[in-house]
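Participant: Dock chain B against the given chain A, drawing on the hints supplied.
Residues per chain are reported as follows:
Protein chains: 2
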Amino acid sequence: MPENIRFAHRFDGITGSAIREIFKLIAQPDMISFAGGNPSPAALPDQDAARIAQQVLAEDGKRILQYGATEGYPPFLETLKPYVENMLGCTVPAVLPTTGSTQGMDLLCKAMLDPGDAVLVENPSFLGNLQCLKFYQANLVPVESDEDGLLIDRLEAAMQAHHPKMLYVIPTFQNPTGKTLAAERRPQIAALAAKYGVVVAEDDPYRDLRYAGEDLPSIKSYDRDGWVVFLGSFSKIISPGLRVGYMAGDADIIRKCTMGKQSTDVHTANLTQAIVDCYLREGLLPEHIRQIRKDYACQCGAMLSELETFPKGVRFTRPEGGLFIWVELPEGIDARDLLQKAIARRFAFVPGTHFYALGGHENTLRLNFSNSTIDQIHTGMSALRTLLEEELA
Amino acid sequence: MPENIRFAHRFDGITGSAIREIFKLIAQPDMISFAGGNPSPAALPDQDAARIAQQVLAEDGKRILQYGATEGYPPFLETLKPYVENMLGCTVPAVLPTTGSTQGMDLLCKAMLDPGDAVLVENPSFLGNLQCLKFYQANLVPVESDEDGLLIDRLEAAMQAHHPKMLYVIPTFQNPTGKTLAAERRPQIAALAAKYGVVVAEDDPYRDLRYAGEDLPSIKSYDRDGWVVFLGSFSKIISPGLRVGYMAGDADIIRKCTMGKQSTDVHTANLTQAIVDCYLREGLLPEHIRQIRKDYACQCGAMLSELETFPKGVRFTRPEGGLFIWVELPEGIDARDLLQKAIARRFAFVPGTHFYALGGHENTLRLNFSNSTIDQIHTGMSALRTLLEEELA
Chain A
1033 MPENIRFAHR FDGITGSAIR EIFKLIAQPD MISFAGGNPS PAALPDQDAA
1083 RIAQQVLAED GKRILQYGAT EGYPPFLETL KPYVENMLGC TVPAVLPTTG
1133 STQGMDLLCK AMLDPGDAVL VENPSFLGNL QCLKFYQANL VPVESDEDGL
1183 LIDRLEAAMQ AHHPKMLYVI PTFQNPTGKT LAAERRPQIA ALAAKYGVVV
1233 AEDDPYRDLR YAGEDLPSIK SYDRDGWVVF LGSFSKIISP GLRVGYMAGD
1283 ADIIRKCTMG KQSTDVHTAN LTQAIVDCYL REGLLPEHIR QIRKDYACQC
1333 GAMLSELETF PKGVRFTRPE GGLFIWVELP EGIDARDLLQ KAIARRFAFV
1383 PGTHFYALGG HENTLRLNFS NSTIDQIHTG MSALRTLLEE ELA
Chain B
1033 MPENIRFAHR FDGITGSAIR EIFKLIAQPD MISFAGGNPS PAALPDQDAA
1083 RIAQQVLAED GKRILQYGAT EGYPPFLETL KPYVENMLGC TVPAVLPTTG
1133 STQGMDLLCK AMLDPGDAVL VENPSFLGNL QCLKFYQANL VPVESDEDGL
1183 LIDRLEAAMQ AHHPKMLYVI PTFQNPTGKT LAAERRPQIA ALAAKYGVVV
1233 AEDDPYRDLR YAGEDLPSIK SYDRDGWVVF LGSFSKIISP GLRVGYMAGD
1283 ADIIRKCTMG KQSTDVHTAN LTQAIVDCYL REGLLPEHIR QIRKDYACQC
1333 GAMLSELETF PKGVRFTRPE GGLFIWVELP EGIDARDLLQ KAIARRFAFV
1383 PGTHFYALGG HENTLRLNFS NSTIDQIHTG MSALRTLLEE ELA
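From first to last, the protein sequence lines are chains A and B.
Letter by letter, the first sequence follows residues 1033 to 1425 in the working numbering.
Letter by letter, the second sequence follows residues 1033 to 1425 in the working numbering.
So that you can see chain A by itself, here it is in the shape it has in the complex (with noise of 0.2 Å):
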């Protein structure tokens, strides 16, 4: 390293090394992970992804190879603005094509955020846009849920308390904990936003990763004044390599994202772009979306099932969607020292107190069933009870 030299102040709260040293120990070939949120290789297209990226170059590759435009490549914008209002059951007045819905997280707090600006969070939420908005030196503000998602009376208590400049939610098979946010309390939701200047970031990647009960309107249908930004992805339905997401809300906002984003990476590539693009205007994602369903609700049956035969004291979630099943252990067991063991024993999960923004929750974990099979899911299971068993004896 350069002597002396001054990395910028954004870095400070910065550590990530847990989550990082996790994943290099994790990735080793004969480990059963639930660490992850990768789709698993059966719900990756490559067939038809190779089928489509040959044939989008053929026909319009001169395009496609030339520099495109910020606001996203022509022909996909026309796929997805209807895409989106239909399934957000809304018109949006405005569409941004985004390297994958992480970067509509970044373009967001780019858009809206000062340093110290308060920004209310679930607890526990997703680690990664956590960082995201630890690199915008966001004050974090973590509002309690309960089973059926944030809790308004919390919610807007803090929008009183912290005047905060967004709200960060995860409406649907919520990461870490699989819950999802009660039908009467998303109105509720857009409602505070509008009453408090708020602006509320739906991050809403798992909605279409549904094995029970029925589809709820989006927060952002209920929204009136524009204060809801939703984001959305094809990483869990499609690809995540292809890094292709959106955002969809007020064209003022995104107008600020696109700004944002000329000086991000200029664009997405228009050649992922236009592979999505292919995949919906042929309809292959509807079938395709049923097939990962059928699947991953079997891998979830299979956890859930494994986890009704833990010894007492564990609780856990029964997500009706998505990816991931939370677990509390009994008090006292630290999930990062379990951790330790379980990769001595070849298996790995994400040790809960990552994903709280101000820490502690030591007895939590987050098991991911879509990237392993049915019997690594029996296996590892089986070997993490075994483990919490002696834990407790």
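The hints are simulated quantities; they were obtained by calculation from the structure and are not laboratory data.
Any given hint might turn out to be false.
When chains are identical, the list treats them as one kind, so a pair holds in a single copy or across two.
Here are the simulated BS3-like cross-link-like pairs (lysine-lysine), alpha carbons at most 30 Å apart as the crow flies [to be verified]: (1) Lys1113 x Lys1094; (2) Lys1166 x Lys1094; (3) Lys1227 x Lys1113; (4) Lys1113 x Lys1373; (5) Lys1227 x Lys1166; (6) Lys1166 x Lys1056; (7) Lys1227 x Lys1344; (8) Lys1166 x Lys1326; (9) Lys1113 x Lys1056; (10) Lys1094 x Lys1227; (11) Lys1326 x Lys1113; (12) Lys1094 x Lys1344; (13) Lys1344 x Lys1056; (14) Lys1373 x Lys1056; (15) Lys1344 x Lys1373; (16) Lys1094 x Lys1326; (17) Lys1113 x Lys1344; (18) Lys1227 x Lys1326; (19) Lys1344 x Lys1166; (20) Lys1056 x Lys1094.
Just so it is clear, the structure is predicted and the values come from calculations on it, not from any experiment.
Facilitator: Just chain B, lined up with the frame of chain A:
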């Protein structure tokens, strides 16, 4: 717009609207545009890309469509490091693939800059990256150049006076001037960076597009202590639409940029990395560059020969490569007014004032020759000459 919404202060100094308006006006089918920085359509290898995209997805589709490492697609990293080291003529501790070299600049700013930090820039310089620096609320300090690039005594004086965190420099066929930093000044800049503790962002996307003269060593090749970060791109030699660039430098700086990238787009699309990787592995690049150089040299020559016939008092650079020629008109002519008249006559350029961090220099303009045919160059340049003759009459 939501009532009383408060955007981030980083947008306070951002205009960019003038340029956006220009490009909207120009986006018309019968316009001869010397305004952009787009490669020629002939320089975009669409047939190879179509074949390669199909091939890499057929061979490694499950990995390409899955989440990848922030550090890059592993096969591409294997190819990229020796490619960069061979180009730079030195070993580099770390290389990070980026979503275009624009992202490399953004990540380096994210790693280094706090609001108010002084950053030295050429005067004029690439407006996209000036905009990026403004988003990080940097204090832009222009440093003067002569025909051989940055003036070393001015640079040292600015380092003493402003204690900058960073120097942003485009050493080869500079955007917008087409000038190249003289060989003897390159080690001097590396030495000054180490002496004053200044990170150098060496942005060198045009170096392979040389039509005359000899390749020069990079500033990076003289860097002993890690102060120089090299920003490279495949946009000008393979495709800008794929959005694949890279940054190379000190391992600790690149690690900070990698952490920043995690929260920006997680990783650059695996597919676009894989396509560039395969293009390099198949050895297609040298012949492709040879062809591009040949074409662009003709286009550049045609534009220069037209400029020879321009009225007295019009001065212009004679670049040995790259994409741009820089023109100084007689004092008193405002290139922005000229552009309005030019657009009415169906041709366009970019007024030079937009490339100056502090504005001014209204009598300058930038011409691009890569994205116009020889015929278009003769027609458009004749129209520009006529327009100027009328202005000066």
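Participant: With reference to the structure, classify each hint as holding or not holding.
Facilitator: So, going through the hints one by one against the coordinates:
Proximity of Lys1113 and Lys1094 under a CA criterion of 30 Å is satisfied in both settings, with 24 Å inside one chain copy and 28 Å between copies. Proximity of Lys1166 to Lys1094 under the C-alpha cut-off of 30 Å is found in neither arrangement, the shortest distances being 40 Å within a copy and 33 Å between copies. With identical chains, the CA atoms of Lys1227 and Lys1113 are at most 30 Å apart within one copy only, with a shortest distance of 28 Å there and 53 Å across copies. Proximity of Lys1113 and Lys1373 under a CA criterion of 30 Å is satisfied in neither setting, with 48 Å inside one chain copy and 37 Å between copies.
Proximity of Lys1227 and Lys1166 under a CA criterion of 30 Å is satisfied intra-copy only: 26 Å inside one chain copy versus 33 Å between copies. Taking the shortest Cα distances, Lys1166 and Lys1056 sit within 30 Å of each other inside one copy (23 Å), while across copies they are farther apart (36 Å). For the identical chains of this complex, Lys1227 and Lys1344 are neighbours neither inside a copy (44 Å) nor across copies (65 Å), given an alpha-carbon limit of 30 Å. In the homo-oligomer, the alpha carbons of Lys1166 and Lys1326 never lie at most 30 Å apart, since the shortest distance is 37 Å inside one protomer and 49 Å across protomers.
Within a single copy, Lys1113 and Lys1056 get their C-alpha atoms only as close as 39 Å, which misses the 30 Å cut-off; across copies the closest is 22 Å, which meets it. For the homomeric pair Lys1094 and Lys1227, neither the shortest alpha-carbon distance inside one copy (48 Å) nor that between copies (46 Å) is at most 30 Å. In this assembly of identical chains, the alpha carbons of Lys1326 and Lys1113 lie at most 30 Å apart only when taken from the same copy (28 Å versus 43 Å across copies). Within a single copy, Lys1094 and Lys1344 get their C-alpha atoms no closer than 62 Å, and across copies no closer than 40 Å, so neither meets the 30 Å cut-off.
For the homomeric pair Lys1344 and Lys1056, neither the shortest alpha-carbon distance inside one copy (32 Å) nor that between copies (66 Å) is at most 30 Å. For a Cα distance limit of 30 Å, the shortest separation of Lys1373 from Lys1056 inside one copy, 16 Å, qualifies, whereas the shortest one across copies, 60 Å, does not. For the identical chains of this complex, Lys1344 and Lys1373 are intra-copy neighbours only, at 21 Å inside a copy versus 81 Å across copies, given an alpha-carbon limit of 30 Å. In this assembly of identical chains, the alpha carbons of Lys1094 and Lys1326 lie at most 30 Å apart only when taken from different copies (20 Å versus 39 Å within one copy).
In the homo-oligomer, the alpha carbons of Lys1113 and Lys1344 never lie at most 30 Å apart, since the shortest distance is 49 Å inside one protomer and 53 Å across protomers. Taking CA atoms no more than 30 Å apart as the test, Lys1227 paired with Lys1326 passes in neither setting, with 41 Å inside one copy and 63 Å between copies. For the homomeric pair Lys1344 and Lys1166, neither the shortest alpha-carbon distance inside one copy (37 Å) nor that between copies (57 Å) is at most 30 Å. Taking the shortest alpha-carbon separations for Lys1056 and Lys1094, only the inter-copy value of 20 Å comes in at or below 30 Å, while the best intra-copy value is 40 Å.
Consistency note: the structure conflicts with the earlier hints numbered 2, 4, 7, 8, 10, 12, 13, 17, 18 and 19.
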